[in-house]
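Chains as they are written, first to last, in the working numbering: chain A, 1 to 89; chain B, 1001 to 1451.
Careful, some of the hints might be misleading.
[Unchecked claim] List time: in silico BS3-like cross-link candidates among lysine-lysine, alpha-carbon distance up to 27 angstroms:
id, chain 1, residue 1, chain 2, residue 2
1, B, 1243, B, 1016
2, A, 18, B, 1243
3, B, 1353, A, 88
4, A, 76, A, 10
5, B, 1016, A, 10
6, B, 1262, A, 52
7, B, 1353, B, 1243
8, A, 88, B, 1262
9, A, 56, B, 1262
10, B, 1244, A, 76
11, A, 10, B, 1244
12, B, 1054, A, 56
13, A, 76, B, 1262
14, A, 76, B, 1228
15, A, 88, B, 1054
Derived by calculation from the structure, the hints in this document are not laboratory data.
Note that the coordinates shown come from a computational prediction; the quantities given were computed from them, not determined experimentally.
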Amino acid sequence: MRAIVSVIGKDRMGIIAKVSGLLYSIDINVLDLSQSVLQDYFHMIMLVDISKCGRKFSDIASSLATLGEEIGMSIKIQHEDIFNAMHKI
Amino acid sequence: MIDRNAILETNEMIEKDHFDVRTITMGVSLFDCITGDGEKTAEKVYAKITEAAKNLVSVGCEIESEYGIPIVNKRISITPASLLGRTESDFLLIADALDRAAAACGVNFIGGYTALVHKGITASEHAFLETIPEALSKTERLCSSVNVATTRAGINMDAVKRMGGIIKQTAELTKGNNAIGCAKLVVFANAVEDNPFMAGAFNGVGEGDRVISVGVSGPGAVRSALTKCGADADFGELALCIKKTAFKITRVGQLVAREAAKRLDANLGIIDLSLAPTPAVGDSVAHILEEMGLESVGAHGSTAALALLNDAVKKGGLMAGMYVGGLSGAFIPVSEDAGMIDAVNRGALTLEKLEAMTSVCSVGLDMIAVPGDTPEETLCGIIADECAIGTINNKTTAVRIIPVPGKGVGESVAFGGLLGTAPIMAVNKFSPAVFVNRGGRVPAPLISNRN
Chain A
1 MRAIVSVIGK DRMGIIAKVS GLLYSIDINV LDLSQSVLQD YFHMIMLVDI SKCGRKFSDI
61 ASSLATLGEE IGMSIKIQHE DIFNAMHKI
Chain B
1001 MIDRNAILET NEMIEKDHFD VRTITMGVSL FDCITGDGEK TAEKVYAKIT EAAKNLVSVG
1061 CEIESEYGIP IVNKRISITP ASLLGRTESD FLLIADALDR AAAACGVNFI GGYTALVHKG
1121 ITASEHAFLE TIPEALSKTE RLCSSVNVAT TRAGINMDAV KRMGGIIKQT AELTKGNNAI
1181 GCAKLVVFAN AVEDNPFMAG AFNGVGEGDR VISVGVSGPG AVRSALTKCG ADADFGELAL
1241 CIKKTAFKIT RVGQLVAREA AKRLDANLGI IDLSLAPTPA VGDSVAHILE EMGLESVGAH
1301 GSTAALALLN DAVKKGGLMA GMYVGGLSGA FIPVSEDAGM IDAVNRGALT LEKLEAMTSV
1361 CSVGLDMIAV PGDTPEETLC GIIADECAIG TINNKTTAVR IIPVPGKGVG ESVAFGGLLG
1421 TAPIMAVNKF SPAVFVNRGG RVPAPLISNR N
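Only chain A is shown next, with the shape it has when bound in the complex (with noise of 0.2 angstroms):
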């Protein structure tokens, strides 16, 4: 199962060292990443691939935003289904 990962906030460093960390220790492998960074806003956005992790999906969930609470930043991931439906037709 493909998913993605978004983190936004205020930039700092070590973002993508923190976020790629913690899906490598738990065996989610990163398919894609895009990122940016304007006026000091951080954006990321990363397609991963969870189906090599055996966690249940909202125990990533909260293990994510966990680490987002401890960098400042906001982190969620959706099955990518969701924006296939909204923006594909």
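With the hints as your guide, set chain B onto chain A.
Quick look at chain B alone, frame taken from chain A:
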């Protein structure tokens, strides 16, 4: 990789504009629970619902988490309860079983304490109608609806008359709680069998055993899209903008419905394309109309603006959903919409203007509080007017009206939660008593003769 702007747009709609899936409703057929004995039927009703819907809430929460889209309500609708028993005590036992079953499944409302009496009222339906006020006063989660008119049958004025009394009695029995029983009681013309929204949901007699219907929402998302459209956009551009937003909203409903039906081993019923407001700031249908250029909803032009909105929502949503049904359109409840409440309070929106607006919206006079001393006959007149609009225009209309005992115009009443706060609205002082007491049926309108 999915388009970055698409991801941003979706999440902005969810986080800033209150876009959500309003309800996953499971319809459960209870025909196989009929035994002829009230107690046994009630037992079977409880057992069937708690088995069919035992995972409804957990599956709803699972889907909510996976897609990152709030699913506000998980609810249950049932076969019209008036068909399950014969006597008043049968029906009260069933009402109690339904309430307990809803609690056991963790849902806040269960709909279908319903009678379809648009042409005639059987002896058991007479008994059933008699129990509505007591059933609503003794339960917490039960919702009731009564269909009193159809385009095909005309208006059963005997049933309309009966409902005026039932509403007053329900208000009286629940007056300790702001007459909240009336907020759970809907009088319909042309009721639909697959409506997922409360309080009017029931699982129609033509429905299957276990059916998932999903109601989407997103007034905030539509308003926000219109804001981006700008003040100089013409009507074609406005309609296009609404259609695009409705398409996106409905696609999410479709995704959620398909997943829910699969995981709950149920049939996929319909997507209801409704724009359902909540009292939250930024989640108002009234504000969409104001965004189109009305100083306040209720101003002349409101009916036209609502007609444009309702039509564009349907056109956008129809292509996005596999099966579209239910009420599908914009809801204009007063107490559940911050913009409507403000419009009433500033004197811009009256009952008469709301009635006109119901001829082009998806339902009718919804969540309207009126003075407690409003005569029964006046309530009947209000219901008859809505039935006329519904039957002649071949659409669903409804009345969910709350005559709040002890309250008058200028006061307001708070129901809490999604039911919101209702300012007491003035009703016409002149009496329709002689008219509504004539009895019999208003014959079916000309447009019903289509064969």
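Does the alpha-carbon distance linking residue 18 of chain A and residue 1243 of chain B stay inside the 27 angstroms limit? 41 angstroms, violated
Run the distance test for residue 1353 of chain B versus residue 88 of chain A: straight-line Cα separation, threshold 27 angstroms. 40 angstroms, violated
Regarding the pair residue 76 of chain A and residue 1262 of chain B, is the alpha-carbon distance no greater than 27 angstroms? 25 angstroms, holds
Is residue 76 of chain A within 27 angstroms of residue 1228 of chain B, Cα to Cα? Measuring from Cα to Cα gives roughly 26 angstroms; hence the hint holds.
Residue 1243 of chain B and residue 1016 of chain B: Cα distance at most 27 angstroms? 20 angstroms, holds
Below or equal to 27 angstroms on CA atoms is what counts here, so check residue 56 of chain A against residue 1262 of chain B. 19 angstroms, holds
Restraint status (C-alpha distance of residue 10 of chain A to residue 1244 of chain B at most 27 angstroms): 32 angstroms, violated
With a cut-off of 27 angstroms on the C-alpha distance, tell me whether residue 76 of chain A and residue 10 of chain A pass. 16 angstroms, holds
Restraint check for residue 1353 of chain B with residue 1243 of chain B, where alpha carbons must lie at most 27 angstroms apart: 26 angstroms, holds
Between the alpha carbons of residue 1016 of chain B and residue 10 of chain A, is the straight-line distance 27 angstroms or under? 18 angstroms, holds
Holds or violated: are the alpha carbons of residue 88 of chain A and residue 1262 of chain B at most 27 angstroms from each other? 22 angstroms, holds
Distance restraint between residue 1244 of chain B and residue 76 of chain A, which requires alpha-carbon spacing of 27 angstroms or less: 26 angstroms, holds
Hint check: violations occur at hints 2, 3, 11 and 15; the rest are consistent with the structure.
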